[in-house]
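**Q** Under my numbering, the residues of the sequence shown are numbered 42 to 453, in order.
Hints in this document: simulated from the structure, not taken from any laboratory. Accuracy of the hints is not assured; some may be wrong.
Estimated spans, in silico, between C-beta atoms of each pair [as the list claims (entries may be wrong)]:
#1 Ser-121 / Phe-324: 29 to 37 Å
#2 Thr-427 / Ile-294: 28 to 36 Å
#3 Glu-312 / Arg-282: 14 to 22 Å
#4 Thr-160 / Ile-331: 31 to 39 Å
#5 Val-385 / Gln-234: 38 to 46 Å
Below, simulated DSSO-like cross-link-like pairs (lysine-lysine); rule was C-alpha separation at most 27 Å, straight line [said to hold, decoys possible]:
#6 Lys-262 / Lys-235
#7 Lys-100 / Lys-135
#8 Lys-262 / Lys-220
#9 Lys-213 / Lys-235
#10 Lys-262 / Lys-135
#11 Lys-133 / Lys-256
#12 Lys-125 / Lys-222
#13 Lys-218 / Lys-192
#14 Lys-192 / Lys-220
#15 Lys-262 / Lys-134
#16 Lys-262 / Lys-192
#17 Lys-203 / Lys-213
Virtual Cβ for every residue (Gly too), placed ideally from N, Cα, C.
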Amino acid sequence: MTFKHSLKTAFSGLSTHKSRSMLTVLGIVIGITAIILIMSLGRGAQNLILGQIQGMGTKTVTVIPGRQPKGPADFSQSLSDSLKERDLEALKKKSNVPTLTRIMPLVFGSETAVYGSETHRPNIFGATDLISEMLDIQTEAGSFFTDEDVKASADVAIIGYKVREELFGQSKALGEKIKIKGRNFRVVGILPQKGQVSLLSFDDAVIVPYTTAQKYIFGIKHFHRLVVEAESESAVPRTVRDIEITLRDLHNIGDPSKDDFFVETQADVAETLSTITSVLTLFLTSVAAISLVVGGIGIMNIMLVSVTERTREIGLRKALGATDGNILTQFLLEAILLTGFGGVIGISLGAFFSFIASVVLTRAYALDWAFSLPLSAVLIGVSVATAIGLVFGIYPASQASRKSPMEALRYE
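Required output: the full structure, derived from the provided sequences and hints.
**A** So, in structure tokens, the structure goes:
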């Protein structure tokens, strides 16, 4: 019996019970669909995050107060007031950090904004006029505040798309005044709907001069971040080193392990977040793979039933000259065809649902979520489906091949 004939016989055997065959592969279809969906969304999330980070520029580094957290329990260590005005002025000096081109202090928090009878609690960002260039955000109407506004601690604000909708609805917002912490801020600019920029959402944000935010909104004298831009990507390591040396001198720190600040490059952030998304994707894929084991057991069970039902057929084939190997090949092919067919359907459904999810996420949440179907996901889907058929089909196939022709022909 040739392989071609065995394949034809396997197809014939499966088509005899079409409904049973379809129900049998359902577990495989669900498992492969889940794996493709998770891997596709995981890659999409990773691309989105890395794109947001790269949007801030590969020349950008961030100075963060407190000790660098090593785990969730260390998060409170980053809530520090170690970065102050003198640190900002020291880093601005060319003699301290020659490769630094721009530096922007950043403070942030959340407060209630009021306009008339409407209230909303947006995120408040205090920055300099450099925020527009360094984070690549532009106003839809009006303009950003100026350096003079920062120096004068002016009561001016740029509001995000969602803030405008919540407070003003369809009425005019530009030039109007909103109240934050009992102080009136004139709206000088409105941001377009853009979603996240460099992992920050400015749609639901109010941006004010950092001096104003420190004095009148948060009541602090320190910074939550110092965003630094190096003159080139190759100069980033030197910039980081000079920043560390300068701040250690200012803070009288001799032992680097006792730093009350830490510096993050975009490459560091990208690597960390990439690792996190990869681990989560792997974990969820492992959970989804459990359904494949269940589906494989279902296939083995149905194949054993099929072997019992077709005992006389097996006896007749052996009587006509079929060998144990021919029978083994036939039933093994049936199992592989079942799982292979389920794998193809699962890959197709997984890709379809992933595409739908990317469209929904893009339109509903204004995210730049691109559809991604990794080749590795497709290869894993095909190979896993085939392996399941092979592993769970061997036992039923071997049971069929070991049947005695005489006993099989007498089977009722």
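**Q** Please go over all the hints and tell whether each is borne out by the structure.
**A** Tested hints:
1. Taking the beta carbon of each, Ser-121 and Phe-324 are about 32 Å apart, inside 29 to 37 Å as hinted.
2. Between Thr-427 and Ile-294 the beta carbons are some 59 Å apart, a value that contradicts the proposed interval 28 to 36 Å.
3. The hinted range of 14 to 22 Å is satisfied by Glu-312 and Arg-282, whose Cβ atoms lie roughly 19 Å apart.
4. About 47 Å separates the C-beta atoms of Thr-160 and Ile-331, a value inconsistent with the hinted range of 31 to 39 Å.
5. Distance hint check for Val-385 and Gln-234: the Cβ-Cβ separation is about 40 Å, which falls inside the suggested range of 38 to 46 Å.
6. Taking the CA atoms of Lys-262 and Lys-235, the gap is about 31 Å. The hint is violated against a cut of 27 Å.
7. Taking the CA atoms of Lys-100 and Lys-135, the gap is about 17 Å. The hint holds against a cut of 27 Å.
8. Note on Lys-262 and Lys-220: the hinted pairing holds, with a Cα-Cα distance of about 22 Å set against a maximum of 27 Å.
9. The suggested pairing of Lys-213 with Lys-235 holds, with an alpha-carbon distance near 20 Å, which does not exceed 27 Å.
10. The hinted pair formed by Lys-262 and Lys-135 meets the criterion: a straight-line CA distance of about 24 Å does not exceed 27 Å.
11. Taking the CA atoms of Lys-133 and Lys-256, the gap is about 22 Å. The hint holds against a cut of 27 Å.
12. Of the supplied pair hints, the one linking Lys-125 and Lys-222 holds, its CA atoms being roughly 23 Å apart against a limit of 27 Å.
13. Restraint check: the Cα-Cα separation between Lys-218 and Lys-192 comes to about 21 Å, which is no more than 27 Å; the hinted pair holds.
14. At roughly 21 Å between alpha-carbon atoms, Lys-192 and Lys-220 fall within 27 Å of each other, so this suggested pair holds.
15. With a CA separation close to 21 Å, the supplied pair Lys-262 and Lys-134 stays within the 27 Å bound.
16. Restraint check: the Cα-Cα separation between Lys-262 and Lys-192 comes to about 15 Å, which is no more than 27 Å; the hinted pair holds.
17. As the CA atoms of Lys-203 and Lys-213 are separated by approximately 14 Å, the hinted pair is consistent with the 27 Å bound.
In this structure, the earlier hints numbered 2, 4, 6 are contradicted, and the remaining ones agree with it.
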